[in-house]
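J.: Please build the complete structure, drawing on both the sequences and the hints.
Protein sequence lines, in the order shown, are assigned to chains A and B. The opening position of the first sequence corresponds to residue 10 in the working numbering, with each subsequent residue numbered one higher. The opening position of the second sequence corresponds to residue 10 in the working numbering, with each subsequent residue numbered one higher.
Check each hint, because a few of them may be wrong.
Here are a few chain B residues that face chain A, going by a calculated C-beta distance under 7 Å [claimed, not checked]:
id: 1; residue: D202
id: 2; residue: E205
id: 3; residue: A206
id: 4; residue: Q208
id: 5; residue: L209
id: 6; residue: D210
id: 7; residue: K211
id: 8; residue: P224
id: 9; residue: L225
Result set (DSSO-like, lysine-lysine): computed pairs, CA atoms no more than 30 Å apart in a straight line [as the list claims (entries may be wrong)]:
id: 10; chain 1: B; residue 1: K211; chain 2: A; residue 2: K16
id: 11; chain 1: B; residue 1: K211; chain 2: A; residue 2: K122
id: 12; chain 1: B; residue 1: K211; chain 2: A; residue 2: K116
id: 13; chain 1: A; residue 1: K128; chain 2: B; residue 2: K211
id: 14; chain 1: B; residue 1: K302; chain 2: A; residue 2: K139
From the derived model, a few chain B residues whose C-beta atoms are all more than 12 Å from chain A [stated by the list, open to error]:
id: 15; residue: A37
id: 16; residue: N49
id: 17; residue: P52
id: 18; residue: W143
id: 19; residue: L236
id: 20; residue: G255
Keep in mind the hints are simulated off the structure, nothing from the lab. Cβ coordinates follow ideal geometry from the N, Cα and C atoms, glycine included.
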Amino acid sequence: MASLQLKKVIKDFGPTRVIRSVDLDVHDGEFVVFVGPSGCGKSTLLRMICGLEDISSGELTIDGVRANDTRAADRGLSMVFQSYALYPHMSVYQNMAFGLENTGIAKDVVRTKVDAAAKLLRLDPLLERKPTQLSGGQRQRVAIGRSIVREPKIFLFDEPLSNLDAELRVSMRGEITGLHRRLGATMIYVTHDQVEAMTMADKIVVLRAGSIEQVGSPLELYNSPNNKFVAGFIGSPQMNFAPVTAGHGDNIVTEYGETFELKTATKPASGTALTLGVRPEHLTLEKREGSLALPITITGVEQLGGHSLLYGTLSGANASADGPRITAQVAGQVTTKIGETATVYAPPEACRLFEASGEERAVR
Amino acid sequence: MKTSASTPWFFLAPNVIVIVLFTFIPIAINFYYAFTGGVNLYPTQRPGVGVENFSTLLECGSYFDPSSCRKDVFWQSIWNTAKYAIFQVSLMVLFALITAVVLNRKIMGRGFWRGVFFYPVLLSPVVVALIWKWILQRDGLLNAAMVAVDAHPVLWLAEPGWAFFWVTFVSIWAHMGFYTLILLAGLQAIPADLYEAAQLDKASPWRSLTKITLPLLMPNLLVVVVLAMIKAVQIFDEVFVLTGGGPGSATTFVVQFIYQTGFVEPVRLYGIAAAGSLMLALALVALTLLQLKLSNAEKAGERVK
Ligand SMILES: Nc1ncnc2c1ncn2[C@@H]1O[C@H](COP(=O)(O)OP(=O)(O)OP(=O)(O)O)[C@@H](O)[C@H]1O
Ligand SMILES: [Mg+2]
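T.: Printed below as a string of C-alpha cells:
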C-alpha cells in the first residue's frame, strides 16, 4: 500500500511532447482512474509510473521517495496490460508463479500464495490450463492474479476490460472494485470509457492531449466540470451545447433571440460569445416556470421503456438544418415522431455556461 | 462462369512438365541405374545386377573403420559428413541464435549489422570458396599476415585437421546469415509486452532469455536445426572448390563421392553412384520426416496442453 506523487512530469518522444507537465497526488488506498480520449497519453503516463518508459523531466515519488531512476522491477508496482501479456507457453499457475520464482522464494511459499490468489479470483480449477484455452474474462483474471501474488504497493491497469464484451465488462468492473475493497490497495486504472470511470473511481483524472483537465470525484466532475471538454466527456449521453451570447446583467441571449437569466460569478461583458451546456437527463418535456425553452426538430427517437431519448436539432426563429444537436432523456414513453417539432425545457439550475473560445472554461 | 475440370490442369501444366522432366524422370532413371551395372551410359547396354551395387557399397569389415570397407572412400565420406553435420549445424545454430538475440536488441547501426551478417548468403558458393581459398592457400592472405608477425605459415588446406576446420568454418560463415534471419523473424514475433511483463515480474535478463525467449522460439529453432541438417548432408560445392575433398579424403563428403564415382573417375561406375545417391536420399527422407513430425508434434502440443 502506498501513495504516489507526480510533480511537473513531462514526456517527450523525440520532438513530440506527449505528457505536458502533469501534477498529481494519489493517496494510499485510492482508486484513481485516468480517463481521456484515445492518444491523450494515458498509457504513456501509466508506463512512466511503472518504469517501462522513462520520465523526460519532473519527479515521480512513491511513498515520498523519488523513484524516477528506480528500475521497473524495484518500484514494487504491478501492471495489468491491455493485451494481458500472459506468457503463452506457461500454464495459469506458472504465469502467476513466475514473478515470485524470479525472486527466489521457496517453492511451497509460492504455491501457497498462488493458490490463495487463484481462490480469490476463482481460478483454482484452471491452474493447469494454458492461456489459449481460457476465455477473455478468465485471461483477464489470470492477468490480475499475476499482479496480486506479488503483493505490489500499487496496482496499475491499462484498459484491462477493453477486449471484453459489454456484459463481461460490467461483471469484471464489479470484480475489480470488489478486489479494491478487499485488498484496500492503491490502484490506478486507465480507461477511455467514462462509464467505467464514473462507476469505479474514487478520483477521476481527465486527460486531454497530455495535460490534466480536471481531477475530482465522479460527482464533482459531473456536477461542476471545469471546462467544456470535461463537461462533454463525463456523462452519457453527452451534455448538449448551444451557442449563446451574454446580454445585459445576468441575461444571456439564445441564437433564436430568447433572453434568459443565468447568474454567473464573473458576469461576462455584454456581447461575449458563450456556450450553454445542459445535460440530456435534465431536459423535460413539461414546461416549468423559469425554464429555458429549447425548440427542436426531432431527428430520432429511442424508446427504452423506462425512459426515452429524443434526438433533434435546435430550431426556432432562425432555424437551420445543421443547428446544434440536442439530446433529451425524458422519463417514461413518448409519442413524438421523427420530423415533428417539440420543445424541451431546461431548468436554470441545470444550465452551465462556458467561454466560447480559448480554454472554454466554465463560467457557471 | 463454369470451369471445366481440365482448366486447372492447363494452368498447372508448365510447372508439372518441368517437375516431371527434371525431377521425377531423373529419379526413375536413377533407380534404373542403381540396379544395373557395367560402365556403359546407354540404358539398354546396362545389364541388371540386382542389389549388387548396394552390397558393394555396404561391404565392410567394420562400419566404424572405413579402411576395412570395399568402398573405403564412401564410408570415409559418410563419417566425414556425419562429423561435419554435427559440428557445423550445432555451432552454426548456436552462433545464429546469439547473433539474432543481439541483433534483436536496440543496438547502434542495427540495420548495418543485419546486412553484414546476411551478406555472405548472397554470394555464390563458388565465390565464397574462392575468397577463402585466396585467404587460406599456402601463399594466401592469412599466411602473409602470419609471416608479417613472424609466425610460421601453416598449410591450412593441406593438413587434414585444419582443412576440416576451415571447411566447417567457411560454411558457417557463408550460411549463418540465413538462419539468423529466420531466428530474428521468430524473435520479432514474440510480443514486446511479454518482456515488459517479465521486467515487472523481476525476471533477470538471463531468465527472460531462458524462460521466455527460448521456449517461444523453440518451433523456429527446431525448423532451423533440421533445415541446416538437410543442407549439411548435401554439402558439396563450396568444399569441392575450396579443398577438392582433400587432403586425401579428409574433406570428401557423400555428394562428392557420388559425383566422382559417376562422372570423374576414368572408369565411371554409374550404378555405384546411383546406389549411393539413393542411400543419401534415404537419409534426407528420414530427416524430412523428422522435421514434419517435430512440427506436427508442436501443433498437437498447442492443442492438447
Ligand atoms: N514510442 C512512442 N514514440 C512516439 N510517440 C509515441 C510513442 N508512444 C506513444 N506515442 C504517442 O503518444 C501519444 C499518447 O499515446 P498513449 O499510448 O499514451 O495514448 P492513450 O491515451 O493510451 O491512447 P489509447 O486510449 O488509444 O490507448 C499518442 O499521440 C502516441 O502517438
Ligand atoms: Mg493506451
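J.: Look at each hint and say if it fits the structure.
T.: Comparing the hints with the structure gives:
1. With a cut of 7 Å, the hint placing B/D202 at the interface with chain A holds, because the nearest CB-to-CB distance is about 4 Å.
2. For B/E205, the interface hint holds, the least distance from its beta-carbon to any beta-carbon of chain A being 5 Å, beneath 7 Å.
3. Hint status for B/A206 relative to chain A: holds, with the closest Cβ pair at about 4 Å, below 7 Å.
4. Interface hint at B/Q208: satisfied, since its Cβ lies 5 Å from the closest Cβ of chain A, which is below the 7 Å cut-off.
5. At about 6 Å, the closest approach between the beta carbon of B/L209 and any beta carbon in chain A falls short of 7 Å, and the interface hint on this residue holds.
6. Hint on B/D210 holds. Least Cβ distance to chain A is approximately 4 Å, under the 7 Å limit.
7. Restraint check, B/K211 versus chain A: the minimum CB separation of about 4 Å is within 7 Å; hint holds.
8. Hint on B/P224 holds. Least Cβ distance to chain A is approximately 5 Å, under the 7 Å limit.
9. Interface hint status for B/L225: upheld, as the beta-carbon distance to the closest one in chain A is roughly 6 Å, under 7 Å.
10. A hinted pair counts as satisfied when its Cα atoms are at most 30 Å apart, and B/K211 with A/K16 qualifies at roughly 27 Å.
11. The hinted pair formed by B/K211 and A/K122 meets the criterion: a straight-line CA distance of about 17 Å does not exceed 30 Å.
12. In summary, the hint linking B/K211 to A/K116 is supported, as the alpha carbons are separated by about 17 Å, within the 30 Å threshold.
13. For a cut-off of 30 Å, the pair hint linking A/K128 to B/K211 stands: about 24 Å separates their Cα positions.
14. The straight-line distance between the Cα atoms of B/K302 and A/K139 is roughly 22 Å, inside the 30 Å bound, and the hint therefore holds.
15. With a minimum CB-CB distance of about 46 Å to chain A, B/A37 clears the 12 Å threshold, and the non-interface call stands.
16. At the 12 Å boundary, the C-beta of B/N49 stays outside the reach of chain A, the nearest C-beta of that chain being 59 Å off.
17. Residue-level check passed: B/P52 sits 55 Å from the nearest beta carbon of chain A, beyond 12 Å.
18. The beta carbon of B/W143 sits about 46 Å from the closest Cβ of chain A, which is more than 12 Å, so the claim that it is off the interface holds.
19. B/L236, annotated as away from the interface, keeps every beta carbon of chain A farther than 12 Å; the closest lies near 22 Å.
20. Here B/G255 stays apart from chain A, with its beta-carbon at least about 48 Å from theirs, past the 12 Å limit.
Of the hints listed earlier, there is not a single one the structure fails to meet.
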